[in-house]
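Trainee: First to last, the protein sequences are chains A and B.
For the first sequence, position 122 (counting from the first letter as 1) is numbered 122 according to the numbering used here, and the numbering increases by one without interruption.
For the second sequence, position 29 (counting from the first letter as 1) is numbered 29 according to the numbering used here, and the numbering increases by one without interruption.
In short, the hints are calculated from the structure, not lab data.
Backbone N, C-alpha and C define an ideal beta-carbon position, used for all residues, glycine too.
Mixed in with the good hints there might be a few duds.
[Stated by the list, open to error] Simulated crosslink set (EDC-like; lysine to aspartate or glutamate; CA at most 20 Å straight-line):
#1 K169(A) with E116(B)
#2 K169(A) with D76(B)
#3 K169(A) with D304(B)
#4 K122(A) with E315(B)
#5 K106(B) with D76(B)
#6 K183(A) with D304(B)
[Claimed, not checked] Computed, partial: chain B to chain A, Cβ under 10 Å:
#7 S38
#8 D165
#9 V215
#10 T217
#11 Y222
#12 I234
#13 G235
#14 S236
#15 E286
#16 V290
#17 A302
#18 G307
#19 G308
#20 A317
#21 N318
#22 I321
[Said to hold, decoys possible] Examples of chain A residues toward chain B, derived with CB under 8 Å:
#23 A168
#24 K183
#25 G237
#26 E280
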Amino acid sequence: MSNIALDTITKRFKETVALDEVSLSVKDQEFFVLLGPTGAGKTTTLRVIAGLEKQDGGHVAFDGATVDTLQPADRDTAFVFQQYSLYPNMTVYDNLAFPLRSPLRRLPEATIRQRVTSAAEKLRISHLLERKTARLSGGEMQRVSIGRAIVRQPRVFLMDEPLSNLDAKLRESLRVELKHLQKTQGSTSIFVTHDQIEALTMADRIAVLNEGRIAQIGTPHDIYDRPANTFVAQLVGTPRINLLPATRLGTHLGVDKSPLDVPIPEGYMPERLLLGVRPEDIRLESNGQFTGTVALTEPLGVETILHITAGEQTLVSVVPGVAAYVLGGSVRFNLARERLHYFDLDGKRL
Amino acid sequence: MATIDLKQVEKKFGESHAVKPLNLTIKDGEFVVLLGPSGCGKTTTLRMISGLEAVSNGNILLDGRDVTWLHPSQRDIAFVFQFFALYSHMSARENIAFPLQAQGEKRDQITARVREVSQMLKIEHLLEARPSSLSGGDQQRVALARALVRRPAAFLMDEPLGALDAEFRESMRAEIKQLHLRQHATTVYVTHDQIEAMAMGDRIVIMSNAVVQQVGTPQDVYHNPSNLFVARFIGSPGMNLIEGVYRAGFVQLPGGAQMNIPYGWNTALERSLSGDGKVVVGFRPEAVRVKDDGEIAASVYADDLHGGYSMLHLELANGTIVHGRVGRDANYPIGLAMRFDIAPDMIRFFHPKTEAAIQADGGAS
Numbered sequence: 001m002s003n004i005a006l007d008t009i010t011k012r013f014k015e016t017v018a019l020d021e022v023s024l025s026v027k028d029q030e031f032f033v034l035l036g037p038t039g040a041g042k043t044t045t046l047r048v049i050a051g052l053e054k055q056d057g058g059h060v061a062f063d064g065a066t067v068d069t070l071q072p073a074d075r076d077t078a079f080v081f082q083q084y085s086l087y088p089n090m091t092v093y094d095n096l097a098f099p100l101r102s103p104l105r106r107l108p109e110a111t112i113r114q115r116v117t118s119a120a121e122k123l124r125i126s127h128l129l130e131r132k133t134a135r136l137s138g139g140e141m142q143r144v145s146i147g148r149a150i151v152r153q154p155r156v157f158l159m160d161e162p163l164s165n166l167d168a169k170l171r172e173s174l175r176v177e178l179k180h181l182q183k184t185q186g187s188t189s190i191f192v193t194h195d196q197i198e199a200l201t202m203a204d205r206i207a208v209l210n211e212g213r214i215a216q217i218g219t220p221h222d223i224y225d226r227p228a229n230t231f232v233a234q235l236v237g238t239p240r241i242n243l244l245p246a247t248r249l250g251t252h253l254g255v256d257k258s259p260l261d262v263p264i265p266e267g268y269m270p271e272r273l274l275l276g277v278r279p280e281d282i283r284l285e286s287n288g289q290f291t292g293t294v295a296l297t298e299p300l301g302v303e304t305i306l307h308i309t310a311g312e313q314t315l316v317s318v319v320p321g322v323a324a325y326v327l328g329g330s331v332r333f334n335l336a337r338e339r340l341h342y343f344d345l346d347g348k349r350l
Numbered sequence: 001m002a003t004i005d006l007k008q009v010e011k012k013f014g015e016s017h018a019v020k021p022l023n024l025t026i027k028d029g030e031f032v033v034l035l036g037p038s039g040c041g042k043t044t045t046l047r048m049i050s051g052l053e054a055v056s057n058g059n060i061l062l063d064g065r066d067v068t069w070l071h072p073s074q075r076d077i078a079f080v081f082q083f084f085a086l087y088s089h090m091s092a093r094e095n096i097a098f099p100l101q102a103q104g105e106k107r108d109q110i111t112a113r114v115r116e117v118s119q120m121l122k123i124e125h126l127l128e129a130r131p132s133s134l135s136g137g138d139q140q141r142v143a144l145a146r147a148l149v150r151r152p153a154a155f156l157m158d159e160p161l162g163a164l165d166a167e168f169r170e171s172m173r174a175e176i177k178q179l180h181l182r183q184h185a186t187t188v189y190v191t192h193d194q195i196e197a198m199a200m201g202d203r204i205v206i207m208s209n210a211v212v213q214q215v216g217t218p219q220d221v222y223h224n225p226s227n228l229f230v231a232r233f234i235g236s237p238g239m240n241l242i243e244g245v246y247r248a249g250f251v252q253l254p255g256g257a258q259m260n261i262p263y264g265w266n267t268a269l270e271r272s273l274s275g276d277g278k279v280v281v282g283f284r285p286e287a288v289r290v291k292d293d294g295e296i297a298a299s300v301y302a303d304d305l306h307g308g309y310s311m312l313h314l315e316l317a318n319g320t321i322v323h324g325r326v327g328r329d330a331n332y333p334i335g336l337a338m339r340f341d342i343a344p345d346m347i348r349f350f351h352p353k354t355e356a357a358i359q360a361d362g363g364a365s
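Okay, chain A solo, but in the shape it has when bound (with noise of 0.2 Å):
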């Protein structure tokens, strides 16, 4: 069992506070993901938890007991980092049995073959294993980093970022290999990231951080479907959600600057707000309730991007497959009611 508890950590660098009050709770088995930007606290949180970094209050707890004073090679966690550090000169073998070797460990030759062999099986890496990695590509190296923390075994694996200096299309397969690993091998693990599409194909569950704060925590399909507020909102998805400001008009919500109305949902909704609308969740429809003007159209093979100006708005949408639109033409357009977001003026969802 590996359960991993954070309860109300703070963490300070100076003047700044890097970590405000995080608390999460990571299950047995969980590919769990911090996402954010850059100086959202993800890879302070990723250090707390191994202990390479101490907190300033607050406690972490491994299957319910604190781990607060133990040494970081007592956790027994496994680091993954976005540089791979590899020893250039030794085989792709001797670098995956390294850490079995070390004065703390020391198992048998015999049990650290089975290992390595195993999780070189594993990530595709058998034909590579005497090969010295100085002379390995860059996917073929981070293969091999995340092969040395398998071998360890350990209670939880921790990811800095391990994807990013790849290129898009390496990027791609690893994903989806390091994924049906995860889920084949059952381990528990903890994955930093800055890229939203990462965190929404690879997790269980995300945390997304912001200013040291968490924003929300949830399954990839709640943080898309119902993000707790437009900071999370705009961060995940591509393209990007559009905001556009509303005011409450009797039994309708207009859409300031334009011809755009929704009716008024359920529950408590203030005078003036943001609606927000998922490109693909404006339909063209030939008989659709809204008219727009094409602005500009973007192919991108599998979809197409459509910028529809309804009065002063623009709106980004999505269609599938290659659109024949005229710039400047007229199209008409439905939204998908069920699928609209609202947020107060600060943000909040409504």
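Mind docking chain B on chain A? Use the hints.
Mentor: Relative to the frame of chain A, chain B by itself:
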């Protein structure tokens, strides 16, 4: 306004080619993107057009005039770099005005022109600020304004969005395209980001290893890639590519599945493939149709949410992973046996040795 012609343009460093002989005509008002991984020769090509790099061989024509050996400043071309390269001791206004002052323009001309471009880029409120106090996106807007202010015959842009955050990149991408639609200045734009290339380019020139792989519209390079490199490089993820063996009327796929050959391909395959019948079958993730009675058997490797849709990753008998675009509520256990078909009009074939696309019977598909 200008056309740009590259005729047998090449660049050698010693014995090695940075760019192998390249022919390309860029039409007046066209937005052409040079796309490829780092080291493919795209930036060298751009620098040769600008005159910052001398050609080893070949000719460069601007509006029919041979400019191959003209100094960069005599080419009437504006260059926008990835790094903003603004003068830090000057205000945004002074930075933008600088190229016109250097040309000795009249003061009221300069004032009018600076106002015009800053309105277009919506930076009027920033004109008195120093570059260091501006955000990355605003610095790049000022750099763009400085390039635009001259009304050059052509714009050359080298990864102008490369240094920006993802959120800025998306909106700046649209802004630059909007700007182009208004100005219609001939533009050559370098990037390694295929999404940027697709979104912005009238045509895309895809390069790899110093060689042009394909020149085409976004639709061309997406649906009819000329070879395996382009098929993999365009799209995220790239095209699914499965090795199979052609037999009269069908392709034998890993795991024994027999995929029927869609109408219009048999003759082409008979003619193009070698005796062993080996062929690569290509199809985009949106061509995958999960069906109980599908032709191809696979097991679930993983699935993941991308926001508005999900991606289902399926493992074939030989370990190949196929990516299928599916509805956003997909939730399949790893290892589950599944079957799928490929939408027949989206199937493409490639020669495994030459890696070239096979053309359908009767020419283009």
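Trainee: Hint by hint, note whether the structure agrees.
Mentor: Here is what the structure says about each hint:
1. K169(A) with E116(B): 41 Å, violated
2. K169(A) with D76(B): 37 Å, violated
3. K169(A) with D304(B): 17 Å, holds
4. K122(A) with E315(B): Holds, because 15 Å separates the two Cα atoms, which is no more than 20 Å.
5. K106(B) with D76(B): The given pair, whose Cα atoms are some 19 Å apart, holds under the 20 Å limit.
6. K183(A) with D304(B): Roughly 12 Å between the alpha carbons, so the hint for K183(A) and D304(B) holds.
7. S38: Given a least distance of 8 Å, the restraint on S38(B) holds.
8. D165: Holds, about 8 Å.
9. V215: 16 Å, violated
10. T217: 8 Å, holds
11. Y222: Holds, about 4 Å.
12. I234: 7 Å, holds
13. G235: For G235(B), the interface hint holds, since the closest Cβ of chain A sits about 6 Å away, which is under 10 Å.
14. S236: 6 Å, holds
15. E286: 5 Å, holds
16. V290: 17 Å, violated
17. A302: Given a least distance of 5 Å, the restraint on A302(B) holds.
18. G307: For G307(B), the interface hint holds, since the closest Cβ of chain A sits about 5 Å away, which is under 10 Å.
19. G308: This interface hint holds because 4 Å falls under the 10 Å limit.
20. A317: Given a least distance of 16 Å, the restraint on A317(B) is violated.
21. N318: 13 Å, violated
22. I321: 7 Å, holds
23. A168: 7 Å, holds
24. K183: Cβ of K183(A) sits 5 Å from chain B, so the hint holds.
25. G237: 5 Å, holds
26. E280: Nearest chain B Cβ about 4 Å off; hint holds.
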